[in-house]
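Visitor: The sequence shown maps to residues 125 to 199 in this note's numbering.
Derived by calculation from the structure, the hints in this document are not laboratory data. Please note: incorrect hints may appear among the correct ones.
Distance ranges between label pairs, derived from CB positions [as the list claims (entries may be wrong)]: (1) Glu127 to Thr191: 17 to 25 Å; (2) Ile148 to Gly173: 20 to 28 Å; (3) Ile128 to Ala176: 35 to 43 Å; (4) Ala176 to Arg126: 35 to 43 Å; (5) Tyr140 to Gly192: 28 to 36 Å.
The model shown is predicted, which means the values in this text are computed figures rather than measured ones. No residue lacks a Cβ here, since even glycine has one placed at the ideal position from N, Cα and C.
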Amino acid sequence: SREISEIYCLGDIIGYGPNPRECIDLVRKRCQKSLLGNHDQAALFDPEGFNAGAERAIFWTRRMLETGDASKNQD
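Hey, can you work out the whole structure from these sequences and the hints?
Guide: Pasting the structure below:
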């Protein structure tokens with residue numbers, strides 16, 4: 125046993141994969157502390173300094189979190 129007492133998340137929970145809500149839920153359940161990564165911040169606010177592919181992923185993630193359906197409200 126490693127005797128791990130706390131888990132910290134260093135950010136960028138969302139913006140990389142197909143299940144942002146599930147990722148957030150997992151971090152909230154298992155981590156005692158979590159930092160806001162630049163992809164997390166971009167999903168909450170306006171993305172700045174990201175390439176076109178990353179911006180598309182951020183807007184897709186935002187739609188998934190807001191509606192649960194990536195096909196709705198497409199830009």
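Visitor: Indicate, hint by hint, whether the structure satisfies it.
Guide: Status of each hint after checking the structure:
1. At about 42 Å, the beta-carbon gap between Glu127 and Thr191 misses the expected band of 17 to 25 Å.
2. At about 23 Å, the CB distance of Ile148 to Gly173 agrees with the hint of 20 to 28 Å.
3. Separation of Ile128 from Ala176 is about 39 Å and conforms to the stated range, judged on CB atoms against 35 to 43 Å.
4. Separated by about 41 Å at the C-beta atoms, Ala176 and Arg126 satisfy the suggested range of 35 to 43 Å.
5. One distance hint, 28 to 36 Å for the beta-carbon pair Tyr140 and Gly192, is violated here, with the actual separation near 18 Å.
The structure is inconsistent with the numbered hints 1 and 5, although it conforms to all the rest.
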